[in-house]
Structures are given as structure tokens and as C-alpha cells.
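Engineer: Chains as they are written, first to last, in numbering that gives the first Met the number 0: chain H, 0 to 157; chain E, 0 to 157; chain S, 0 to 157.
Worth flagging that the hints you see were computed from the coordinates, not collected in a lab.
Bear in mind that the values here come from a model prediction, so they are computed numbers and not experimental data.
Certain hints may be false.
Heads up, the list lumps identical chains together, so a pair's fine if it works in one copy or across two of them.
Claimed, not checked - Straight-line distance between alpha carbons at most 25 Å, and here's what the computed PhoX-like set of lysine-lysine pairs gives: (1) K140 <-> K26; (2) K81 <-> K5; (3) K5 <-> K140; (4) K5 <-> K26; (5) K138 <-> K81; (6) K13 <-> K138; (7) K81 <-> K26; (8) K13 <-> K81; (9) K26 <-> K138; (10) K13 <-> K140; (11) K5 <-> K138.
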Amino acid sequence: MDVLQKLLAIEEIKQLKARYFRGMDTKDAALLASCFAPDASADFRGATTDPRTGINATPSSTGEVLQGGEAIVATITGALAKLQTVHHGCCPEIEITGEDTANGIWAMVDYLRMPPDSRVAEMDGWGHYIESYRRIEGKWKIQTIRLPRLRVDVRTRS
Amino acid sequence: MDVLQKLLAIEEIKQLKARYFRGMDTKDAALLASCFAPDASADFRGATTDPRTGINATPSSTGEVLQGGEAIVATITGALAKLQTVHHGCCPEIEITGEDTANGIWAMVDYLRMPPDSRVAEMDGWGHYIESYRRIEGKWKIQTIRLPRLRVDVRTRS
Amino acid sequence: MDVLQKLLAIEEIKQLKARYFRGMDTKDAALLASCFAPDASADFRGATTDPRTGINATPSSTGEVLQGGEAIVATITGALAKLQTVHHGCCPEIEITGEDTANGIWAMVDYLRMPPDSRVAEMDGWGHYIESYRRIEGKWKIQTIRLPRLRVDVRTRS
Chain H
0 MDVLQKLLAI EEIKQLKARY FRGMDTKDAA LLASCFAPDA SADFRGATTD
50 PRTGINATPS STGEVLQGGE AIVATITGAL AKLQTVHHGC CPEIEITGED
100 TANGIWAMVD YLRMPPDSRV AEMDGWGHYI ESYRRIEGKW KIQTIRLPRL
150 RVDVRTRS
Chain E
0 MDVLQKLLAI EEIKQLKARY FRGMDTKDAA LLASCFAPDA SADFRGATTD
50 PRTGINATPS STGEVLQGGE AIVATITGAL AKLQTVHHGC CPEIEITGED
100 TANGIWAMVD YLRMPPDSRV AEMDGWGHYI ESYRRIEGKW KIQTIRLPRL
150 RVDVRTRS
Chain S
0 MDVLQKLLAI EEIKQLKARY FRGMDTKDAA LLASCFAPDA SADFRGATTD
50 PRTGINATPS STGEVLQGGE AIVATITGAL AKLQTVHHGC CPEIEITGED
100 TANGIWAMVD YLRMPPDSRV AEMDGWGHYI ESYRRIEGKW KIQTIRLPRL
150 RVDVRTRS
């Protein structure tokens, strides 16, 4: 791929990831679904557990590796349906690895606020998304995603 | 517009928005003013109100749609003059819609700290800027801006 | 430099800064070291001091201007070794100033968590990195870096 096409692909992947975040936080399931390859996989194991207490803020979505774009979206939207969420990503390192393949790393933070009847009140988390992408019929999609964490703070209600 | 010119315009608009944030937070009114079209409009209605309490952290700037670049800047700088502010934007989705027009969405967070004599102590807010841009004499400017929120936390002094 | 080469250089510098952040936060000293020119300088004086109390969260790294890439990395990694850190940057304003030189401004936030035996518990800081870059044998490096702050909050243990 020439330099111009690489820069265009990098920008397209940045906007893909922006739609992923926005789809989650505005609860736009169709927008979120448009971000994943049909055979995508998502590994969020451990990503919502405070290492100091072992408390998992969203156990329903982080128990195992999720397989398939539809299952990923159903699991995420189910886990976050009653939560107020903010996910921000920055400092993308996108590497184009082939005509239709790429890898990426994003620094990230998310803030989850739980409903009043939940034992967990809030979770704040920081880490890096480690991802790969694939271009399918001209559109970049998330092929694999995982989220090693730097820090997770879970606050329970007193 | 060809791909190269589109990528250049996207980068220029990203830097325009960076100057907007930096102008606000460093209280550089001239830098902030350089970001707006003369006939810009800004709709920050509701953007600084905590939905849980109805308390508005900066009522002087968010009561109505602001009309005109000069009025927008005067209102923002007046409202924030005594405040310590941090505004961060990420994950821009910039779409070039014509030779000199574009739309954009930015995920954002702002942290406002009020002076000691204020009833409100701090506001933290998260949401998306929904914007349009226009290129005037070769320079991209903000034409319209609004700020639907995901979450606003206002803390008052006890 | 033509427009395409400028856009490529801007993207390369963005990814350089991303590696700088990631190297610090994942404690990858080799990655961090790869980001600096041999004769780089770093001025973090005042950057970790809460102006309200005068308490400096990381006095070992911010007393004087650091000279040389190796010394900068040794000082940073020494100061942060026992800390859990998150550094995020956004809204880069990269200006290519010559064939192999550039300037940049980044909005930033960092969150430092100290070990349990430290008097200081946490530091949160916001500000702007003001930087210059130089391309050495085809690779962009940080030549100078300083960090004027908008706000620094240092919390001590009660």
C-alpha cells in the first residue's frame, strides 16, 4: 500500500474506533454492531476487576472470551444497559500490516456508574486496547480486541 | 476534493479544535476567537447542569443559543474567567462534506474548579461535541457547536 | 516537504508520543528510551507540585532540567518505579518546521498512585506538553519537552 493509502486507512481505523466508543456510550447498538467483523473475538477477562479487592464490576461480560460480532455486541449492550458509561481512547498506534489488515494499540479510560440498587457504585478503569482490524468490502472492522489494564478502581456502596 | 486534500483538511480541523480547547483552558481569548466563524452559533443549553440535582454550574453561559463568534467568545471567557478549567477532546469523527464544509463529532470531558466563594465547588462533565466547520479564506473555523452530555457531576460546598 | 510527507511526519510524531506514554505507564524502559534524542532535554520543574500546598509528589525527578536522553529515562523510570501511573495525551498540534524538525503541543493528564508507605497517596495533574522533535536516521525523536500545568492535585494520607 502506498503512503497515501496507508494514511487514509489509519484515519478510517481511528474513526472506526471512535464509532465503537460512541456506540457504547450513547447505547446505539446498531452503531456498535457496525464496528465488528462477523467472526470477531473480544477478550475482556479481568478488565473490570479491582485487583485490590477482587470485586468485578461487570461479571456478566468479562467471564470468558466472546466469539462473534453479534455475541460481542449482545454481551456488551446487555452488561451496560442500566449503566451510565464513558469510554475515551487516545494515542492510537495503528500499523497497517497488509492490504486489508492492521493492528492497533489505544490508551483508554472508562468510567462506569451503576444504578442505585447495585452493590457496586462506580468503576474507573485505565489500560490499553490491543486490537487487530480487517477490511471487509471496503470497510474496516474490529477483528480482535483485548484490554490489559493499568488500574481498575471499583467503589462499592457503604 | 481528492484523498490527500481531505486528509489535510481533517488534520487542520483537528488542530483547530485543539486550539479551541487550549484557548479556553489557558485563557487565551485571542486564540479562542480565532477558532470561530463570524456568524457561528453555540448551543451549550443544559451542558453544565447536573441532572440529579438540577444545579447549573455556569448558568451565565448556557441559558440560550449564542449567536456570532464574538458573542460566543465573550460569553465563554466571561463565564470561565474566575474558574480553573480543563477541556479534553478525543476520537474525532471528521467528515468533509464539501470544498469548504465539514462536520465533526468529538468525545469530550471537562473539569471546572470554581473559586472559593462559589456555592458550586467543581463540575465534571462528559459528552460529545457535535460541530460543523467552514473554511474561510483558507482557514477552517467552527460554524456550529453543541454539546449533548452523557454525564454531568456538580459538587457543591457542604 | 510536500503535503503527503508532512501528513506522514505528523502521524509518525503522534505515534512517537504514544510510545512515550505507553513506555512510561507499562514500565517499558527500552520503549521509553527509544523516544528521545541522545541530546534531549526535559524540563519538568514544578510539574508535580500542588500549588495550593507546595507539596511535590515526585521531587526526585522534577528538581532541575534533565539533560540527555539516557539521563531523562533513568530519572523518569527511577521516580516512577514504585508508582502506578497513567498518562494520556490528546489534541496534538504538530507543526513541521523543516525537513527533520518539528514542534508540538499536547493537552495531557496524568494520574499517579503512590505505594502504601508514601506520605503522598495520589497526584492528578493536567497541562500541556510543549515539545520539539528531530528526525534522526529516519526516526522522529523527542528533542525537548516541558510541561506547564493547568492544575495539580496532590492528596496526602490522613
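Engineer: Each hint needs a verdict: does it hold in this structure or not?
Structural biologist: Evaluation of the provided hints:
Taking the closest pair of Cα atoms, K140 and K26 come within 25 Å of each other only inside a single copy of the chain (19 Å); across copies the shortest separation is 30 Å, beyond that limit. Taking identical chains as interchangeable, the C-alpha atoms of K81 and K5 are never at most 25 Å apart, the minima being 39 Å within one chain and 39 Å between chains. Proximity of K5 and K140 under a CA criterion of 25 Å is satisfied in both settings, with 16 Å inside one chain copy and 22 Å between copies. For a Cα distance limit of 25 Å, the shortest separation of K5 from K26 qualifies neither inside one copy, at 31 Å, nor across copies, at 30 Å.
Taking identical chains as interchangeable, the C-alpha atoms of K138 and K81 are never at most 25 Å apart, the minima being 31 Å within one chain and 43 Å between chains. For a Cα distance limit of 25 Å, the shortest separation of K13 from K138 qualifies both inside one copy, at 12 Å, and across copies, at 23 Å. Proximity of K81 and K26 under a CA criterion of 25 Å is satisfied intra-copy only: 10 Å inside one chain copy versus 36 Å between copies. In this assembly of identical chains, K13 and K81 lie within 25 Å of each other by CA distance neither inside one copy nor across copies; the values are 28 Å within and 33 Å between.
Taking the shortest Cα distances, K26 and K138 sit within 25 Å of each other inside one copy (22 Å), while across copies they are farther apart (35 Å). In the homo-oligomer, the alpha carbons of K13 and K140 lie at most 25 Å apart both inside one protomer (11 Å) and across protomers (22 Å), since each shortest distance falls under that limit. Both within a single protomer and between protomers do K5 and K138 lie at most 25 Å apart by alpha-carbon distance, with minima of 14 Å and 18 Å respectively.
The earlier numbered hints that this structure contradicts are 2, 4, 5 and 8.
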